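Colleague: Please assemble the complex out of the two chains, which come individually in their own frames, going by the hints.
So you can see what is in the structure, the chains are spelled out below.
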Amino acid sequence: MARRIFAIVLVVLGLGTIGAAIASGTIWRPDDRVTLALAAAPDVPVVITAPGVLDAVDDTVDVRVVAADPSSPVVIAMGRESDVRAWVADAPHWEITGLADWETLAHTEATEGAAPADPTDDPTDATETTDGGEASESPSDDAEETETPSDDAETEAPGDDAEAEPLPDPAGSDLWVEEVTGTGEATYTWTSVPGRWVMLVATDGTQPAPQVELTWDREVETPFVQPGIILGSAVTLLGLALLVVQLLADLERRRARRAAARTAPEPVVTTTVEGDRPLTRREIRLAAEAARRGRKGRSGGPATTTDEMTAVGAESPSTVEASDDGTAAPETPPTASTPAEAGGDELAAWVRSGAASQLMHEGERTTPADLELGDEEPTPAAAPAPADAAGPDEGDDAPRRTRAGADRPQGRDRWWRRRRDDAAAPAETEQAEPSGSDQPDAGGSVPEQASPGPATGSGDTEQIPVVRPDDEPNPQTSGASWRETWGFGGTDHEREEER
Amino acid sequence: MSTGQPLRARVARLGAVLAAAALLVAGCAVPLPTVEADPPPDGPQPALDEPRLERVLAAVSDALAAGDETGDVTDFGTRVQGPAMHSRRAEYRLAARTADTDEAVEPQVLTTEPQVVAISNEDEWPKRVLVITTIAEGMNTPLLLGMEQDDPRGDYHLYAWVRLLPETTTPPMAAPVEGSPDVPPDAEGLVLSPADTLDAYADLLENDADSEFADTFAEDRFRSLVVEDREAIAESVEDAGEYTEEYSIRQFEPVGMQTADGGAVVIGALRADHVYERTIDDSELTVAGQIAAFAGSESIDVETSLTARYYVTVAFYVPPADADDTTIQVLGAERVLESVDTE
Numbered sequence: 031m032a033r034r035i036f037a038i039v040l041v042v043l044g045l046g047t048i049g050a051a052i053a054s055g056t057i058w059r060p061d062d063r064v065t066l067a068l069a070a071a072p073d074v075p076v077v078i079t080a081p082g083v084l085d086a087v088d089d090t091v092d093v094r095v096v097a098a099d100p101s102s103p104v105v106i107a108m109g110r111e112s113d114v115r116a117w118v119a120d121a122p123h124w125e126i127t128g129l130a131d132w133e134t135l136a137h138t139e140a141t142e143g144a145a146p147a148d149p150t151d152d153p154t155d156a157t158e159t160t161d162g163g164e165a166s167e168s169p170s171d172d173a174e175e176t177e178t179p180s181d182d183a184e185t186e187a188p189g190d191d192a193e194a195e196p197l198p199d200p201a202g203s204d205l206w207v208e209e210v211t212g213t214g215e216a217t218y219t220w221t222s223v224p225g226r227w228v229m230l231v232a233t234d235g236t237q238p239a240p241q242v243e244l245t246w247d248r249e250v251e252t253p254f255v256q257p258g259i260i261l262g263s264a265v266t267l268l269g270l271a272l273l274v275v276q277l278l279a280d281l282e283r284r285r286a287r288r289a290a291a292r293t294a295p296e297p298v299v300t301t302t303v304e305g306d307r308p309l310t311r312r313e314i315r316l317a318a319e320a321a322r323r324g325r326k327g328r329s330g331g332p333a334t335t336t337d338e339m340t341a342v343g344a345e346s347p348s349t350v351e352a353s354d355d356g357t358a359a360p361e362t363p364p365t366a367s368t369p370a371e372a373g374g375d376e377l378a379a380w381v382r383s384g385a386a387s388q389l390m391h392e393g394e395r396t397t398p399a400d401l402e403l404g405d406e407e408p409t410p411a412a413a414p415a416p417a418d419a420a421g422p423d424e425g426d427d428a429p430r431r432t433r434a435g436a437d438r439p440q441g442r443d444r445w446w447r448r449r450r451d452d453a454a455a456p457a458e459t460e461q462a463e464p465s466g467s468d469q470p471d472a473g474g475s476v477p478e479q480a481s482p483g484p485a486t487g488s489g490d491t492e493q494i495p496v497v498r499p500d501d502e503p504n505p506q507t508s509g510a511s512w513r514e515t516w517g518f519g520g521t522d523h524e525r526e527e528e529r
Numbered sequence: 417m418s419t420g421q422p423l424r425a426r427v428a429r430l431g432a433v434l435a436a437a438a439l440l441v442a443g444c445a446v447p448l449p450t451v452e453a454d455p456p457p458d459g460p461q462p463a464l465d466e467p468r469l470e471r472v473l474a475a476v477s478d479a480l481a482a483g484d485e486t487g488d489v490t491d492f493g494t495r496v497q498g499p500a501m502h503s504r505r506a507e508y509r510l511a512a513r514t515a516d517t518d519e520a521v522e523p524q525v526l527t528t529e530p531q532v533v534a535i536s537n538e539d540e541w542p543k544r545v546l547v548i549t550t551i552a553e554g555m556n557t558p559l560l561l562g563m564e565q566d567d568p569r570g571d572y573h574l575y576a577w578v579r580l581l582p583e584t585t586t587p588p589m590a591a592p593v594e595g596s597p598d599v600p601p602d603a604e605g606l607v608l609s610p611a612d613t614l615d616a617y618a619d620l621l622e623n624d625a626d627s628e629f630a631d632t633f634a635e636d637r638f639r640s641l642v643v644e645d646r647e648a649i650a651e652s653v654e655d656a657g658e659y660t661e662e663y664s665i666r667q668f669e670p671v672g673m674q675t676a677d678g679g680a681v682v683i684g685a686l687r688a689d690h691v692y693e694r695t696i697d698d699s700e701l702t703v704a705g706q707i708a709a710f711a712g713s714e715s716i717d718v719e720t721s722l723t724a725r726y727y728v729t730v731a732f733y734v735p736p737a738d739a740d741d742t743t744i745q746v747l748g749a750e751r752v753l754e755s756v757d758t759e
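Residue numbers (my numbering), protein chains in the order written: chain A, 31 to 529; chain B, 417 to 759.
Among these hints, one or two may not hold up.
Said to hold, decoys possible - Quick look at which bits of chain A chain B covers, simulated, 3 or more residues with Cβ under 8 Å:
#: 1; segment: 125-135
#: 2; segment: 222-229
#: 3; segment: 282-291
What the hints assert, rightly or not - So the derived list for chain A, only partly shown, Cβ under 10 Å to chain B, looks like this:
#: 4; residue: ARG110
#: 5; residue: GLU111
#: 6; residue: SER112
#: 7; residue: ALA116
#: 8; residue: ASP204
For the record, the hints were derived by calculation from the structure and aren't laboratory data.
In this text the structure is predicted, and so the values were computed from the model without any measurement.
Positions of the beta carbon are idealized from the N, C-alpha and C atoms, including for glycine.
With the rest of the complex left out, here is chain B (with noise of 0.2 Å):
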């Protein structure tokens, strides 16, 4: 060719230009992102934020409205199982039977008003959290609520409540945000174990003094109310009977969560059978007040025995086993007759 350009040269170029042409119609296409997700959270998380604890509460409340309303626990839906339906359940019952007697006694005014929360920080289910609440309306102490998830798929439901014992200080716990990791029933490291705890309460409400674990547990006054009371009704059927208490534990476990000086807030259930026997021929042996009113009349005659069952909620505050006080504290306690059986 005449021209001086060197063929390849020219492709090269026309080449040049048509990959800038190209280039300018594929940047029509805005470069799709990748998706960038966040690294995981470095430590454990709380099973629950602020606000899907207040929801949980405010569903926990609901529920007990509705419950309280009809006093049926069936309207408590999901939302209050375990030992906290059982004994309200006990609570209803015996609402509705002593209503119209001089023995009226009213469910428990519940509030889920949170004070101080704790909740569990742990991967797996069942997840817990615990809330002291303010003091309700017509009540002198606060509550101690113990919630539970069972399952992802579950609602957090209220466990078990118990009443907080006047001039009782209830331990520090981790904050919320953070989290406390639960302490499972048979949690070492601390003075006894949680379900090792609830052993020892049941032996020591049974035998005070007596109990081998009468120097594990701080004086309460709980336990103080029991053992007066029971001194008091010994006394009263020692001429037609015996009267002995037996404390046995509930089939559900107790509840444990690490306080921040890793110690533990355990809450149990227990039952309490309260057994009225007439011993003595020709004696006889009368109950009156509570257990009757549950019963359906102003007094019973006992025939053979009479066994009033209460189911108790207890909550203990077990120290670290390495601490300078090893006593476990009683922290509240709730107790409500269940059943009044009789022989």
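Just chain A, same shape as in the assembly (with noise of 0.2 Å):
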């Protein structure tokens, strides 16, 4: 289920990131011209641009200036920064220095009798200290650290006898490059040249400075429309491929057991093809079954360990025994015979539902490929062998890793082991069936069992062609190990989890 669940949220996750990519490019596009004004309408009579502000944006900007009382004249002159600073000198103004946000500009007060040569300076500050559409709140802050070193300032220059004046109208002034007069309103156009230029806004140099907008085209990237259609597509196709495989599995599984239902009084079997949670749930039924089946005649090797192990707390011998017998002595133990019997199935199902298990494995492509073959391991069948399968490189690989690696790699056989123990449980159970006895026992305590006889027993019965010369030390002395350390606590865990 969750599987699945995951595989939708992949899927969602993927159309969501496509339609956000393509809403990006389009109903989200930026626009292309951005006007911006000041957070507030200016209460100094003169407002002017640090250099640079005028094509921070793009090389050419509009520039409207509005005054408060629409009869007012306003003005816009260009100036260099230098005769502007001059011209300004300390009288009270603000300074544009930037751009707060995509409305708003950033700007910086002079109070009276700031010193000209301060605010050369304070671009850099005012930057750093007026951002976002706080900007009306900050530039006051600024305000008073401009105005410390205008205190300064005001007993070396000279700035007594301008202070006293007041600002002179500044239309028409030498100084200026370019200006633009106007009633109320005026609009200006200027594309960038090299230099520092500053522009200087004000009405009539007494009242109150008009409000500023700047208008520029600005280039709007659309970067995340192909990264997102792209990405969107991968996750929405992963989550699809997830889907289907899961699909798939479940057909399978259905089919399988359909199969098995008209095959064979135990469909057992099938439920041992898979270790997922619902089988293993119905095995738990059907173990549950078989040992009310079982119950009736008790015999054989297996018999008495399981008897030992229906015993509470009697599990860690019960393993042993069961691992012992299975690895040891696969054929003696009556679970041996019914394997052979039942491994022809098996293995059909696990060929079945083994293409469907790798699909899925190459879908989620998570685990290395240690770690897959163990997720292989569904199948009661296959599980031993990867155990086994990774017992051996663990061998071959030892060399190249350290200790530390080797151990991983354990820590995680164990995990897969433990879910192999799922799986070993329903192997029991078609082993234990045919035998009749076990089956019961493996219905009270099918975690005991699950983990390590039945694994190792129905693994060795199958793997045996495939990577048996190793295998068997390997299994059993880090199943045994496992088992002693953490097995038991596992097993039951996730007995009671699956519960």
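Modeller: As structure tokens, then:
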């Protein structure tokens, strides 16, 4: 179920990403033309722009100034920075220092007596302090900052005289390279030229300066459209693939179940195919049935071991025994004989389901090769093989990897082995069923049996052809150590969860 | 869980997808450009570029035209100040008073059409511009205009002008695009500082060959005219009294601008007092001509003394102290009768 949900989530996310990508290039596409204005109408007679502001966005800027009083004259003047600053001197003024956001111009405020020299240094500070839409607030802080240096400057500079004089009407000054005047409103288009140019905006030098709007064309990139669509598609496809795999797997399972139901009274075989949860529950149920059936006649070596297992807490010995039985003498115990028969069915089921499971793993791609082996082991038969394979692999890789590395795979092994336990449980059930005696025990203590005994046992039977030579010691030892340290707890937990 | 996927890996994958989506949304915001100003200019910049200079000259021309029309210097506004305004006012007055006489004097024809321009490249105010104009219609010599902007909020105004003397070669000036340094009145490195130059020339005008600066200045047409004039007048009045001329510096600072060779063009204003004194009893000392016309009569009988005050503007080329030829040249001069006082 979780996988399916995950797959669906992937599909939804992928589609969402595609949609967002397309939207980012269409309905969410930012405007090509932006107009920025001061956060508030100035309360000082002059507003200037710092050098570089006018061509910050584009080489050509459209300036529009609107006076609070529609009948008051307005002036837009362009001048060299040195000239404009000299003209403004220590008069209170605002200086536009940059863009606070895409709607607001950042500015600093120089109050009465601000030294003309300071503003040159301000822009850097200003841009830091005036950020975001809070431009209206932060500038005031700046003003305080600029005020302090201004006090010093006042004492030095002959600012007192200039202070006393009101600003003259800036219109008509010889300093301005260009000048536009109007009544109430004026517009001006400026195209960038090299140099430090400053724009000065004012009414008549005494009234508050007009509001300033700067309009640029801006380059709007839609960098997320293509990658977004690609990414979204990939995610969607991934999700779809997962879904399909899931559905196929389900189909397979159902078909196998049906087939098993038709052919043999022991559909258990099919259940062994998958280690999935529903199956395990099912197994449990089946196991329970089997147990009922099995109670009628207990017999055989495994029976004794299972008996021991049923006694609570006797898990470890039982498992050990089981494993021993399974590995050391796969043929001797009754289980062994049954596996041989069941082996045919299992193999068929494994072949069928194995394909699906492999696909799935391809789809998921997350686990390294070793683990994939482990993952592939939903089928009890396959499970041991990877376990064994993992063992030898580790051995082979050992030279390359450090011991820690070797340990890790073991840990992972544990993890999949745990699962294999689940799988093993069904395996047992199969095996048990024929024997009859095992089943009840299995039902009672599925987890216990699950991990060690049946897994290895069934694995052996199947894998013998494949990996046998090195396998035997490894699975045993690793399995045993695992059992001793973590295995029981682990299996128990798993069982609990599953139940 | 029965799925083979470790939870962590899955969460990570989900996180990655979510992050991508978040990026997408964030992508709607175009990054704010930062303000990148050009670096400040390396060297000094001329105070005016050509378009602005033309504008300034046109404004001055307009102001002069306005004043010429009414004969009232207040119509200059702020565009003509200092010595230029004073001499122009004198010209208007003289023209007005002599208009109906034989001595009718027209105000100087002034033009602002530039021929050679030197622009100050100082950072500080006042900023100055020297313009050698073309020869205006009805004139036979170009003008040298000195213009100045006292402070950033003020206008450039005509500060002083002189007619260039005939056969005068003006010193080469630095290109306007580079600008020229100002030469303060007390500048060193010149044969004489601008202020000293003016002082010396005043002394020279007054004493001619007896002046200690006689060798410092090259001969110039203006001075020779002044001297000739003075000798003639002195001779004509010697039966009745004395005629003396006193030259002194006006309150206006001389304006200096460096030439290409490190010298300076200096424009300064002088006051010339021509004093007619009747020193011999029972004699008659009559002053006629322009002075009388200025006073509103055909001739003036001088009781004790008569002082005719002239406004004199002189332009010099002061070579650098280490020049081969260290004689100061007079480039041009202007003289206008300013007032007549009788006692």
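Colleague: Hint by hint, which ones does this structure get wrong, listed from lowest number up?
Modeller: 3
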